[in-house]
Amino acid sequence: MTTATQRPDGEPTAPLVSLRGITKRFPNVLANDSVDLDLFPGEVHALLGENGAGKSTLMKILYGFYSSDGGSIQIDGEEVHIASPLDARRLRIGMVFQTYTLIPAMTVVENIALYLPDLPLTFDGRRVSGKIRELAGKYNLAVDPMSVVRDIAIGDQQKVEVLKLLVGQARILIFDEATRVLAPHEIEGLFEIFRMLKKDGYAIVFITHKMREVLACADRITVMKQGRVSGTIERGAATEKALVELMFGGSVPDEVSMGGADAPGDPILELRKVSTHAEGTGVGLRDVDLEIRAGEIVGVAGVSGNGQRELGDVILGLLPCVRGRRRLLGTDATSWSAGRIRASGVGFVPEDPLGMGVVPWMTLAQNAALGDVEAYSRHGGLSIDWKHVQRDIATSFDELSFEPLEAWVPVRTFSGGQLQRAVLSRELGRHPRLFVASYPTRGLDVRSAIAARRILAELRDRGGGVLLISEDLDELCRLSDRLLVLREGRIVGEFLPCEIDRHRIGHLMTDSGGTDA
Amino acid sequence: MRSAWAAVVRVLKGGWTIAASRYAMILAIALIAYAVVLLLAGKDPIRAYADTFSFALGTRYGFSEVLVRMIPLLLTAVAVALPSRLGLINVGGEGQLYMGAWLATWGAITFTSLPQAVFIPILIAMGFVGGGCWAAFAGFLRARGWVNETITTLLMNYVAPLLVGFSVYGMWRSREVGSAAFPQTVAFPDAARLPRFFGTRVHLGLILGLVALLAFWFVMERTKWGLKMRAIGGNPEAAKRLGIRLGLYIVVVMFIAGGIAGLAGMAEVSALHGRLRAGFSPGYGFMGFLISWLAGGSPLGILTMSFVLAVVFSGGTLLQITQGVPFAAINVLMAIILFVVLANPRFSLGSLKRAFGNSTREQ
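As given, the protein sequences belong to chains G and Y, one line each in that order. Okay, so the first sequence: first residue is 189 according to our numbering, each after it adds one. Okay, so the second sequence: first residue is 67 according to our numbering, each after it adds one.
Hints may be right or wrong, so weigh each one.
[As the list claims (entries may be wrong)] Chain Y regions said to be covered by chain G (calculated; three or more residues, Cβ under 8 Å): (1) 291 to 297; (2) 304 to 316.
[As the list claims (entries may be wrong)] Partial chain Y-side listing against chain G, Cβ under 10 Å, derived: (3) Val285; (4) Arg288; (5) Gly300.
[Unchecked claim] Listed next, with one range per pair, are the computed distances between beta-carbon atoms: (6) Y:Glu303 to G:Thr211: 31 to 41 Å; (7) Y:Met91 to G:Ser603: 28 to 38 Å; (8) Y:Leu276 to G:Arg579: 53 to 63 Å.
Rather than coming from a laboratory, the hints here were simulated on the basis of the structure. Just so it is clear, the structure is predicted and the values come from calculations on it, not from any experiment. Just so it is clear, CB atoms sit at the ideal spot from N, CA and C, and this is done for glycine as well.
Let the sequences and hints guide you as you build the complete structure.
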């Protein structure tokens, strides 16, 4: 017993977990720089900060996923050494990761049983499912233990993740960006679960970069910035302004304001009753009607995996239309190849720039040349005009007012933001008529995200058509001139900016019926 | 001139010296291990090695034989290296080599009365088309997403020699007195024999091999097609999104690669044997795969490694005569080399490719 601190409600309680001086160094970056953190039983503690601030790293150290380079961890006042997630689980620490760790082909019971430390040689499903039902009833986590994980909704999968930790007797629960894939009402459901859990003395750490969620659920908020704690605030004292101050050490640049300047022009892209085959675990599009006009941003909301990727792919010509027609600039383009569609002025930002937008071991210049090989070819393709490529890179970076990047190093050495800029400059340098932006701000820090949003708005104002696929409802509401909701490959709702209602959108996204909520 | 100098500097500073010392180390380990095998067989490894190297590198005849051996190795190695840049694994060099020889033989015994100046280009074309179609079939199946090219090319290796066997035992079997006892075709007309040089057995195939290698380097490093192919190999998802026609490239590249392997088969039968025989290749196609793998697909590495393995190969023939070591024992050495390469991941294709990727920096 070393420290006894005042709890928010005035009761003197010992912290359940004390992190002291945690330091973690990665090759190029100091991810955690002597971080202190106390976690009390019965509290929801939010860890707030931009991407790369070190929140996840800190919690992965507590969960034994990384080993720290310095500092100590105390649990119930006793110094512990956590070398692996197994150690952490023995100390009753559990973590829900950003991407769920369930095995889709197995049932809920099997998934949970897999996690149990004392899994007997022969496995008694009934005993485990009895336990599951008991806990599920207590904390409003109803799922059918016998259903196969693949078949249940993403929100229910989250419940399974929570149940997994509870059945495994964790009392310290860490949620890493847990709301990323949830619809608004599901997020509220999760916070309701938090409230019940904390009443029973569980300690919850909630990692996020979304202010709105922090203010909705946290008892205490610790803000991290560049590997350090920049401050801890009690819920009562927390205001959006104070948190911004702590996150950025100043003010954030202005957000893009809703454009909607002129009436949109002629249609650039029309999809008429387009259907596609489902590939792999994805869904196929079914009877999608979509029109993108010059000078408008069409937003697409939906829980990921409901056809967003397919919608982008069908526009870019990567997926054939099984039924229906695709028209570009008034011409039937149903049978056009991806190359021809691209050549006619369609650009894209993929959901995963490193995996889908660039060749990682090629240089920025080579990747830029790939954007329009024919234009840079000389002597019928026998050589490539690298000077021209470099000139275009410089022009494009200048137009977008990006800081220049080194042209002759492999792009895989770039950070996420640099990579996004490389892709944006290549694609926008060609002044596309139509731009398919899939999750264009995912993984960007707040400033870069705002810059990217401004670029989309500028493209729209110059008369380009933009399809914006995103999971960030705030972003969609802010930018879209029209907002579509996609579920299971169908467009299930369409909103104008003035009539946007988060709850209705949320229910449409998840097919949870209720229009009231 | 300046760029040539820059290239030399790059070689010295870059991955090449490291790569070269790695090759040397691989070979040293393999030779030591093979020495143990020779010792166990009751042979004198030091004499065996001394004989091999003095014969292969010290005599005019020996050296020319090394070059002869090198030709099919060089060609089949390029046939593996080219598709590997697109991320395709062509294990079918052996089958493609047989099919090149097969179609070229059909040409040679069908158009018997052509002059050499016409005949040779026709043979080259037939060898190319024969191997090319064989490989393009596998490429087509892959492009349609039906079957993985590694499986098809591997399995087709077993079909091609059987097709050759079927032909030479059957319809093409020679009726000549004396040679009819063997499963082989009639002798090619003189005009259908590839020219040889300097009174040795070194033939036109060497030039074809060097041209193929040079073209491979040039196309990959300098042209737009090379850029696109490297993009496909580097990230097919991105390549698709940038409008590159993956399927077309896969089929065409497999055709060209198979064609290059087919040239090796054509050159063997036309220049050396003068007729098609069942089982004429002692596994050149597989050796080519090993070479390309060792060299990480780099042109200079392919040239070096195919020379080194050609020395080892002709050493095998020599040891058979001088020490009574069966020729097949050379397979033990090959296996040991492969084993050493596989045992140490740092020798692998990826690391060398990366070194290579970095060296293309200052174009």
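Each hint tested on the structure:
1. Given as covered by chain G, the segment 291 to 297 of chain Y passes the check, having 5 residues with a CB less than 8 Å from a CB of that chain where 3 are the minimum.
2. Restraint check on the segment 304 to 316 of chain Y versus chain G: 8 residues with Cβ-Cβ distances below 8 Å, three needed, restraint holds.
3. About 9 Å separates the beta-carbon of Val285 of chain Y from the nearest beta-carbon of chain G, less than 10 Å, and the hint is met.
4. Residue-level restraint check for Arg288 of chain Y holds (minimum Cβ-Cβ distance to chain G is 6 Å; threshold 10 Å).
5. The interface hint given for Gly300 of chain Y is met, as the beta carbon of that residue sits about 3 Å from the closest beta carbon of chain G, less than 10 Å.
6. Glu303 of chain Y and Thr211 of chain G have their C-beta atoms about 37 Å apart, which keeps the hinted 31 to 41 Å range intact.
7. Range check, Met91 of chain Y to Ser603 of chain G: about 37 Å between beta-carbon atoms, so the 28 to 38 Å window is met.
8. For the hinted restraint 53 to 63 Å between Leu276 of chain Y and Arg579 of chain G, the CB-CB distance of approximately 37 Å leaves it violated.
Going down the numbered hints, you'll see the structure goes against just number 8.
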